[in-house]
Amino acid sequence: MMEIQKDNKFSRRKLLGGAATAAVVLVQTASGKAFQAGMTHKEIEDTTKIQGVLPGTLGTRSDFEKPVKAPSPTSSRTPLQDLYGTITPSDLHYERHHGGVPAIDPSKYELVIHGMVDKPMVFTLADLKRFPSVSRIAFLECSGNYRGANDGKIRPQDICGLTSQSEWTGVALSTLFREVGVSSKATWFLAEGGDAAVMTRSVPMTKGWKDAIIAYAQNGEAVRPEQGYPARLFLPGWEGNTSVKWIRRIEVSDQPYMTREETSKYTESVGPAKIRQFSFTMDTRSIITYPSYPASVEKGWIEIRGIAWSGRGKIVRVEVSTNAGKSWQLAALQDPVLDKSITAFRYLWNWDGEPTEIMSRAIDETGYVQPFLKQLLEARGGNMGYHFNPVTAWYLQKDGKVLFKAT
Amino acid sequence: MIKKLSVITVLFVSLASYRSYTDGWQERVSEGLVAKPDTLEWPKSFGFGRPATEKEIAAIDIDIRPDGKGLPAGQGNAVTGKAIYAAKCSACHGATGIEGPNDRLVVGDTSSVKSRRVKAIGNYWPYATTVFDYVRRAMPFNEPGSLTDEEVYSLTAYLLHANGLIDSKKVLNAKTLPQVDMPAKKYYVPDDREDGPVIR
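Respectively, the protein sequence lines represent chains A and B. Under this note's numbering, think of the first position of the first sequence as 1, with each following residue one higher. Under this note's numbering, think of the first position of the second sequence as 1, with each following residue one higher.
Derived from the structure by calculation, the hints contain no laboratory data. Do not rely on the hints blindly, as some may be mistaken.
[Stated by the list, open to error] Keeping only pairs whose Cα atoms sit at most 27 Å apart, straight-line, the calculated BS3-like set for lysine-lysine is:
hint, chain 1, residue 1, chain 2, residue 2
1, A, K129, B, K119
2, A, K299, A, K210
3, B, K55, A, K265
4, B, K44, A, K185
[Claimed, not checked] A few chain B residues facing chain A, derived, Cβ under 7 Å:
hint, residue
5, D38
6, F48
7, C92
8, N123
9, Y134
10, R137
11, P140
12, P144
13, D149
14, Y187
15, V189
16, D191
17, P197
[Stated by the list, open to error] Which chain B residues face chain A? A few, computed with CB under 8 Å, are given here:
hint, residue
18, L33
19, K36
20, L40
21, E41
22, P51
23, A52
24, P66
25, G68
26, I98
27, E99
28, W125
29, E150
30, Y188
31, P190
32, G196
For clarity, every value in this text was computed on a predicted model and none was experimentally measured. All residues carry an ideal CB built from backbone N, CA and C; glycine is no exception.
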């Protein structure tokens, strides 16, 4: 693996060229051996006159495309405004961890399941892969995923870029529960990661039986190190922190453990004297990703595009307003509309060039309507914090500049 | 009778969960849309994996429950903890646990507007056992897992004392730590959001 990566880096640099003025092309010799010849940029502008690059061991992103995550010391955000469709490229999946990304040797990896079980067991990665497998497309989102900016200069990535979507493949946790013989009296399990934070969360058994996955693959390949290589817990629709990465141990119990991540963090003040705990479900949300800051638009036809998702189930409706919420129109939803998944929406609009505010709100199959920021603050007694999913507005100036606006 | 019932529940639950991950083919079969796949019925056990020994479980079973289950032997108090804190923690959490740069551990004076929303051990943590569990597993941030159990008891005592929750002489051990009264516990309520239109 290391070899290939090195190799690829090497050939990429050579083939595509680091300098802007000189490019390098591949020429096929009679013997079939490739060599490189330097040419000026001008000379290769007509790509129909030059043989292209030969097949390689790994695909590359075009040198003209540079989507990047936005890192901070504790997280790194998905560039939502630069993406298309609903699947997040694995290298752009958001990151959030509490002790850095560990380097785990898959041949030494083990998952221990013990506690209130008939047979405490150890599973290697190879063992996990032998069990019947499952796949599902679902979003993953950190529950601390709302930011605004008074000057409006904030991108979707910075507002709510701690959300991403992948196809996850692994073994259903219920399959492993069956294998170890979980006690019928068990009500919670502790999930523990093998990272430097040895991160732990308590999870109700009902979720474990229902749709939890021990995932070893993401978008068709092994789970990325930042996403929990070689195996992670994945809990569809629940706050990201509960989907414990690098999972090394599951202890089956009849009570929660009250770990730091479910007391000091990932709890929210609601009203003056209440701290809400075990707020697992991710509330329904949407955001317009085009047009959005820092894009500029012109008067005329604009396809408003965005994404919507709900931890409660399927998105049934997305409504778009182009007049600051005075009236709402139905957006078109792109198939497939999947349970606990990001759904793409579109609304074709003809902008008259007058300053206005555009916004979207998602409605899920349980009838939940994405609230305005005001409504959320009111419901939570003025507190901000985790689980903030407000309608996000974009202000279109006369000059076509697009700025964030809180609702 | 109870045993039988529970066996049935488990069977029912596990079958239901198995069904939820068949990619819908059972539904499509029952609707007559596709033929039933010729895949075999699941065995009672696949036999993959190996039994875990008590010894290997003990080596990684480091969690502490609120009732104290999991707490190791050993003890400590705030006086010894203060010295360890100064040497191993103050660089990131400040001389008195207030100054940072990283998480504020001690409530201290919250009269200023800026510190009114402080969430520290003394006013936000519902269980004293969590301090022991977290410090032992994750701190110091740059050298996790390096503290002895005695050091962790002492640091826990220091942090609880600095937050005004215990006396500086109070000895913390497996028996006394779970008994420390945490003022924030009474504020904790389970999530009350539910499916449907209500915003909470």
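Hint check, L40 of chain B versus chain A [nearest Cβ-Cβ separation less than 8 Å]: 10 Å, violated
27 Å limit on alpha-carbon distance, applied to hinted pair K299 of chain A and K210 of chain A: 49 Å, violated
Residue hint V189 of chain B, partner chain A, criterion CB-CB below 7 Å: Holds, because the Cβ-Cβ distance from V189 of chain B to chain A comes to roughly 5 Å (cut-off 7 Å).
Proposed proximity, K119 of chain B with K129 of chain A (alpha carbon, max 27 Å): Roughly 43 Å between the alpha carbons, so the hint for K129 of chain A and K119 of chain B is violated.
Restraint check, 8 Å cut-off on beta carbons, for P66 of chain B near chain A: With Cβ-Cβ at 5 Å, under 8 Å, it holds.
Satisfaction of the E41 of chain B interface hint, Cβ to chain A closer than 8 Å: 11 Å, violated
Hint status (Cβ of G68 of chain B to nearest Cβ of chain A, threshold 8 Å): Result: violated, 12 Å to nearest chain A Cβ.
Interface hint for F48 of chain B, Cβ within 7 Å of any Cβ on chain A: Hint holds; F48 of chain B Cβ to chain A Cβ min 4 Å, cut 7 Å.
D149 of chain B as chain A interface residue, shortest Cβ-Cβ below 7 Å: 15 Å, violated
Closest C-beta approach of L33 of chain B to chain A relative to 8 Å, hint status: 17 Å, violated
Per-residue hint verdict: P144 of chain B, partner chain A, C-beta under 7 Å: 5 Å, holds
Chain A contact restraint on C92 of chain B - CB to CB distance below 7 Å: Result: violated, 12 Å to nearest chain A Cβ.
The structure fails hints 1, 2, 3, 5, 7, 8, 11, 13, 18, 19, 20, 21, 25, 26, 27, 29 (numbered hints given earlier, in ascending order).
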